[in-house]
Amino acid sequence: MAYKAVIGLEFHCEMTSNTKVFSNAINGFSKLPNQLVAPLDMAFPGTLPVVNKECVRKSLMMSLILNCKQPEYLEFDRKNYYYPDLPKGYQLTQFYNPIGVDGEVEIIVNGETKKVKIHDIHLEEDTASLDHYYDTSNLDYNRAGVPLLELVTEPCLNSADEAIAFLEHIKSIYQYTNISECDSKKGQIRADVNVSIMDEDSDELGTKVEVKNVNSFDNIRKTINYEIERQSKLKDEGKYDEVVQETRRWDDEKGITVHMRSKADAIDYRYFTDPNIPRYKITSEFIENVRKSIPELAHERRLKYVNEYNLSDYDAKVLVKDKHVSDYFEEVIALGSDAKSASNWITTRILGETNKSEEITIDNIFIRPNMLASLIKLINDKKITNNQGKEVFVKMLEEHLTPEEIVKKYEMEVIEDSGLIDSLVDEVISENAKAIEDYHNGRTNMLDYLVGQVMKKSKGKANPVEAKAKMIEKIS
Amino acid sequence: MNKSISELHEMLVAGSVTSDELVKESLEICKKVQEETNSFVTIIEDAKGSEVTDNLLSGIPYGIKDNLSTKDILTTASSNTLKDYVPFYDATCVKKLKEAGCVGVVKTALDEFGMGGTGTTCHTGAVKNPWDKSRIAGGSSAGSTASVAAGCYPFALGTDTGDSIRKPAGYCGVVGYKPTYGMISRYGLLPYASSLDTVGVLTRNVKDAAIVVDAMKGIDENDMTSWDSSNIHLVENLESSCENKKLFYIKELVDLDNYSNPTDEFKAHIDNFMETVKLCKKLNIKVDAVSVDKDLLNALPAVYDVISYAEATTNMSNLTGISFGPRGEGDNPTDMIKDHRTKGFSSLIKRRFVIGSYVLQSENQEKYFLNAKRVRRMIVNTMNELFEKYDGMIMPVSVGPAKYLDTSKNVKNDETRVLEEALQIANHGGYPSITIPNGFINNLPVGVNITCAIREDEKLLQIANTLESNMNYKNQIAGGEK
Numbered sequence: 001m002a003y004k005a006v007i008g009l010e011f012h013c014e015m016t017s018n019t020k021v022f023s024n025a026i027n028g029f030s031k032l033p034n035q036l037v038a039p040l041d042m043a044f045p046g047t048l049p050v051v052n053k054e055c056v057r058k059s060l061m062m063s064l065i066l067n068c069k070q071p072e073y074l075e076f077d078r079k080n081y082y083y084p085d086l087p088k089g090y091q092l093t094q095f096y097n098p099i100g101v102d103g104e105v106e107i108i109v110n111g112e113t114k115k116v117k118i119h120d121i122h123l124e125e126d127t128a129s130l131d132h133y134y135d136t137s138n139l140d141y142n143r144a145g146v147p148l149l150e151l152v153t154e155p156c157l158n159s160a161d162e163a164i165a166f167l168e169h170i171k172s173i174y175q176y177t178n179i180s181e182c183d184s185k186k187g188q189i190r191a192d193v194n195v196s197i198m199d200e201d202s203d204e205l206g207t208k209v210e211v212k213n214v215n216s217f218d219n220i221r222k223t224i225n226y227e228i229e230r231q232s233k234l235k236d237e238g239k240y241d242e243v244v245q246e247t248r249r250w251d252d253e254k255g256i257t258v259h260m261r262s263k264a265d266a267i268d269y270r271y272f273t274d275p276n277i278p279r280y281k282i283t284s285e286f287i288e289n290v291r292k293s294i295p296e297l298a299h300e301r302r303l304k305y306v307n308e309y310n311l312s313d314y315d316a317k318v319l320v321k322d323k324h325v326s327d328y329f330e331e332v333i334a335l336g337s338d339a340k341s342a343s344n345w346i347t348t349r350i351l352g353e354t355n356k357s358e359e360i361t362i363d364n365i366f367i368r369p370n371m372l373a374s375l376i377k378l379i380n381d382k383k384i385t386n387n388q389g390k391e392v393f394v395k396m397l398e399e400h401l402t403p404e405e406i407v408k409k410y411e412m413e414v415i416e417d418s419g420l421i422d423s424l425v426d427e428v429i430s431e432n433a434k435a436i437e438d439y440h441n442g443r444t445n446m447l448d449y450l451v452g453q454v455m456k457k458s459k460g461k462a463n464p465v466e467a468k469a470k471m472i473e474k475i476s
Numbered sequence: 001m002n003k004s005i006s007e008l009h010e011m012l013v014a015g016s017v018t019s020d021e022l023v024k025e026s027l028e029i030c031k032k033v034q035e036e037t038n039s040f041v042t043i044i045e046d047a048k049g050s051e052v053t054d055n056l057l058s059g060i061p062y063g064i065k066d067n068l069s070t071k072d073i074l075t076t077a078s079s080n081t082l083k084d085y086v087p088f089y090d091a092t093c094v095k096k097l098k099e100a101g102c103v104g105v106v107k108t109a110l111d112e113f114g115m116g117g118t119g120t121t122c123h124t125g126a127v128k129n130p131w132d133k134s135r136i137a138g139g140s141s142a143g144s145t146a147s148v149a150a151g152c153y154p155f156a157l158g159t160d161t162g163d164s165i166r167k168p169a170g171y172c173g174v175v176g177y178k179p180t181y182g183m184i185s186r187y188g189l190l191p192y193a194s195s196l197d198t199v200g201v202l203t204r205n206v207k208d209a210a211i212v213v214d215a216m217k218g219i220d221e222n223d224m225t226s227w228d229s230s231n232i233h234l235v236e237n238l239e240s241s242c243e244n245k246k247l248f249y250i251k252e253l254v255d256l257d258n259y260s261n262p263t264d265e266f267k268a269h270i271d272n273f274m275e276t277v278k279l280c281k282k283l284n285i286k287v288d289a290v291s292v293d294k295d296l297l298n299a300l301p302a303v304y305d306v307i308s309y310a311e312a313t314t315n316m317s318n319l320t321g322i323s324f325g326p327r328g329e330g331d332n333p334t335d336m337i338k339d340h341r342t343k344g345f346s347s348l349i350k351r352r353f354v355i356g357s358y359v360l361q362s363e364n365q366e367k368y369f370l371n372a373k374r375v376r377r378m379i380v381n382t383m384n385e386l387f388e389k390y391d392g393m394i395m396p397v398s399v400g401p402a403k404y405l406d407t408s409k410n411v412k413n414d415e416t417r418v419l420e421e422a423l424q425i426a427n428h429g430g431y432p433s434i435t436i437p438n439g440f441i442n443n444l445p446v447g448v449n450i451t452c453a454i455r456e457d458e459k460l461l462q463i464a465n466t467l468e469s470n471m472n473y474k475n476q477i478a479g480g481e482k
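Residue numbers (the numbering used here), protein chains in the order written: chain F, 1 to 476; chain H, 1 to 482.
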C-alpha cells in the first residue's frame, strides 16, 4: 500500500568566509591537518569568541531571502556536551533566537509550484574532525569553528523529489549569494533527514525517524526512499510498532539506514546564552543594508533571460543552473555580444567542453568571456564565417591563442575586397558554362554550386553573401 | 619594596636603584614570604629587570594571579587539571603591563579557578594571612593579596567574580580594586563565570591601583565585552575634591538592630565602619542609610551561586586533558576525560559543577537559572535607581577580620551570611568597587568598600583616595618593614 510520506530536513552547510566564525583562523581547505587553527579553535584556557561580521551578514541575508522573521537582538547560545571533537565542551549556536524563523520559500517540483515552510535558520560553528584508524583516532582542528548555516524546514515535504528540488533551490541561492559553495566533495554539506509515513486520508502523523549526517544530495534521496519503503513495509505487515522514534544513520556501502540511538538516550544540551558575546541589536538600517546587497538570484536571472533577452526557457535554465556559467554569460553580454549568440556558444560549445572532463571548468577553460565576445564579434561583423568560427573555437583551445591570433595565423579573414571577389566570380563563370546553362534552364540549385566554387577559389575567405550577390548579378 | 610605584619610579630614574636590583630584592622577599604564607605557585627565578622609561611602571616587579595566561610560564589556575600547562600567549592585561615595562616575578596561588573565598583550595595548599599565620588570607586572589600585604612588590594582579579581590584585601589590610566590567580585557583570564569575571589589582595605596589599571584598561579586539575607556584617566583625576558627594549604606545589612545575636567581633567591625561613616561626614561627604527590600538582599547568595556555577560548569568543559593538561587514563576518550576531571578537580569545584549542571537542565532551567537571572536584573535595577541619587555605596567588607584556617575555631552565623556575600552586588551590575583598609580588630586588619555606578571609576577612586588620605592605613605592611 502507498502511504503519504512526511519529510523534514535539517540542512547544514559550511559557509564561505575569510576567517572562522569566532576566531581569526583562516576558513579554508587544507590537506594537512591542524594548519588552520587559532587558540580558540582548540579551546585553550582564557580564549574568547569574537563574532565574524561577514558570517552574520550572510546568515541575515539568507534569513531575508527565505522570508524569515529576524530577531531583535543577535545572540549565541551554548549547546553543552562532551565529545573529543568538541574542544570547548560546547558548541556555539543560536537556539533561543535564531537569525531567522517562520520563513517560506517557493520551489518548482516537476513543473508544479510548492511552498516550503522554514522553521528556522541559524548560525553556528562546526566541530573538529576525527579520523579513526585501527587502534587510534586522530583529531584535526582545521574544521573546528568553521561557520555553519543550519536550515530547518517544517515537516512539509512529501517525497524525495520535493526534498531534492528544495535542496537544489537552496544550493543555488547559497552559490548565487556566495554564502556557501555547497560542495559535497569538500564535505561542506550534511543533512539530518526526518521521515515518517501516514495514511493518505489521515491527519494523524506517523512516528518520526531521524537519519543523521547524510552527506550528499544523492544519499539524501536514497535515505528518504529507503526509509519510506522500510516504514511502509512494516506498516503493511502490521508491524508499525517496530517503527520507533530513533536516530539512524545512512550506511552508504549497504544502501540502508541503521540504528544509532533511541530517543531515551537523548542528551539534555542545557542550552544557555553565551555570556562572552554581548547581545547585538539588529537595527532596521542593518537589515535594509543587507537586503540591498542581495544579488540577483537564479530564478530572477532566468526570468530576465527569457523576457528581456528572448532566450528559450530551456536555455535560460541551463545558463542559470551554475552561477559561474551564468556569470560567464553575463560577462560576454556586457562586452557587447548579443544574447542569442552568447547563449548558443555557451550552452553548446563551452558547456560541451566543460562536460568532457572534470579538469576543465567554466572558471579555468582557456576561452575567457572576453575571447568568446571577440569571436562572436568577428562572426557578427562578417570578418569570418560561422563555419570558420567553429574552427577558430577548436583551434583556440588547442593552441591557446586568442581568436584574432588564430584568424591571423591561418589567414582566415574574409575577403572584403569586392574587386577580388568580382574577378573570382568572373573566373568561375568562364569555367562553368554548362552549369550556368543548367541554371538558366531552371536548376536554381546550381547557384549554390557556383557560389561554392567562388568560396573554394578564395579558400573560404570570400564573404559568401557578397559572392552570392555578385554571382546573381552577373549571370541573371 | 615598601615604597609606592611613584617612589620606586623616582628612584629608578634617579639611578639610586636599578630595575635588576628591584627584581632581585622582590624575588628574595617572595621566597621568604613563600615559606611563611605559601602565596605562590611559581616563583620566576630568572626574572630580569627591564629598561626604565618615562612610564611609571617601567622596571617595577609585580605578581600575577595564576589564572592569568602567561606566555612560556606555567599557568595552573591552582588546579591539578592544569598542573603542567604552559600557555603560548599572554593575557591582554599581562601583555599591556609587559609593554609598560613591568616585570612579573611570581604566579600567585588562588582558590582553584577563582572558586572560593578562603584561599584554601589551591592545589599547592592553603595560603596564610601574613598578619596572622593561623588565619586565612581570603580568596580567591589569596596569593596576590597576601604577598602585596607582606611587601613583596607594590602590586599584584587579581581577578574578581564575587569579591575575590575586595574581600581578601579587607582581610589583609590592602587596597583591592575591581574596575567596571569590561574595562580591562578578559582575554587570557582562565574563566570562572564570564558574566561576572573582572581583572583588577591589589596595591597598598589607591594611587598605585589607579596607575596599574590606567595601564591595563582599554578595548581589546579579542574580548567582545571590553569597551573603549580612553576618556577615563584615573591617575590624572585622582585628586579631585569629593566635597558634597553623597554615599549610602544599606540599613538592613549594616544596622546592628537587624542582628539578633551579634558577636563582639562583628559589633566591633560595624562600630569601626561607623567611624569611617563619621569620617566621611567630617570630610563633607554625605552618607545616608537607605532601606532595600530584605527578600531581595536575602536572595543575593543564591542568585550568585546559581549564575556563577552554571557558567562555570560549561566554561570549564574545555578541561578534558585531550589537547592540554595531563591526559587521563582510559580505553576511550570518554573514560579519559572522566578520569582527568575526577582526579583533577577538588571536591568543592565538583560540587559547584553538579549544581551548575542541575540548574541548567531543561526541566530546571526556568525555575533556577532563568529566575536567578531575573532576580539579578532586579538587584541591578534597584542599585541603578540608588546610583541616580547617590554617588556611591559604602559597606563594611565582610563581617569582621579574617577567619581561622582551622575551621573548627570559626563561629558560624547564618544571620551574617548576606553581608558576607554582599560585595557580589558589584559583580551583578558590573560596578566598579574598591576595598581600602579602615582599621584593626584584635590586631587584624579590616576594610571598607565603596561601589559606584558603571564607568564611574574616576569618582570611585577619588572617594577612596580622599578617605585613605584621612586614615592611617595607607602603605601598611604586615609585620612591618622588610
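Treat each hint with caution, since some may be false.
[To be verified] When the alpha-carbon atoms are kept at most 25 Å apart in a straight line, the in silico PhoX-like pairs for lysine-lysine are as follows:
| no. | chain 1 | residue 1 | chain 2 | residue 2 |
| --- | --- | --- | --- | --- |
| 1 | F | 117 | F | 186 |
| 2 | F | 69 | F | 79 |
| 3 | H | 251 | H | 350 |
| 4 | F | 468 | F | 456 |
| 5 | F | 79 | H | 350 |
| 6 | F | 321 | F | 117 |
| 7 | F | 79 | H | 71 |
| 8 | F | 117 | F | 208 |
| 9 | F | 79 | H | 367 |
| 10 | H | 373 | F | 281 |
| 11 | F | 79 | F | 4 |
| 12 | F | 79 | F | 212 |
| 13 | F | 470 | F | 434 |
| 14 | F | 79 | H | 338 |
| 15 | F | 382 | F | 474 |
None of these hints come from the bench; they were simulated from the model.
Going down the list of hints, with the structure as the test:
Distance restraint check for residue 117 of chain F and residue 186 of chain F: the Cα-Cα separation of roughly 28 Å exceeds the 25 Å cut-off, and the hinted pair is therefore not satisfied. Note on residue 69 of chain F and residue 79 of chain F: the hinted pairing holds, with a Cα-Cα distance of about 23 Å set against a maximum of 25 Å. Distance check on the hinted pair: residue 251 of chain H and residue 350 of chain H sit about 36 Å apart at the alpha-carbon level, beyond 25 Å; violated. Annotation: proposed proximity of residue 468 of chain F to residue 456 of chain F holds, straight-line Cα distance about 13 Å (limit 25 Å).
A threshold of 25 Å between alpha carbons decides the hint, and for residue 79 of chain F with residue 350 of chain H the separation of about 20 Å falls inside it, so the pair holds. Using a Cα cut-off of 25 Å, the hinted pair residue 321 of chain F and residue 117 of chain F holds, with the two alpha carbons roughly 23 Å apart. The hinted pair formed by residue 79 of chain F and residue 71 of chain H fails the criterion: a straight-line CA distance of about 30 Å is larger than 25 Å. Under the criterion of a C-alpha separation no larger than 25 Å, the hint pairing residue 117 of chain F with residue 208 of chain F is consistent with the structure, at around 18 Å.
Using a Cα cut-off of 25 Å, the hinted pair residue 79 of chain F and residue 367 of chain H holds, with the two alpha carbons roughly 19 Å apart. A threshold of 25 Å between alpha carbons decides the hint, and for residue 373 of chain H with residue 281 of chain F the separation of about 20 Å falls inside it, so the pair holds. Distance restraint check for residue 79 of chain F and residue 4 of chain F: the Cα-Cα separation of roughly 34 Å exceeds the 25 Å cut-off, and the hinted pair is therefore not satisfied. Distance check on the hinted pair: residue 79 of chain F and residue 212 of chain F sit about 18 Å apart at the alpha-carbon level, within 25 Å; holds.
Distance hint between residue 470 of chain F and residue 434 of chain F is fulfilled; the C-alpha atoms sit about 19 Å from each other, no more than 25 Å. A threshold of 25 Å between alpha carbons decides the hint, and for residue 79 of chain F with residue 338 of chain H the separation of about 19 Å falls inside it, so the pair holds. For the suggested pair residue 382 of chain F and residue 474 of chain F, the alpha carbons sit about 23 Å apart, so the restraint of at most 25 Å is met.
Violated hints, listed in ascending order, are 1, 3, 7, 11; each of the other numbered hints is respected by the structure.
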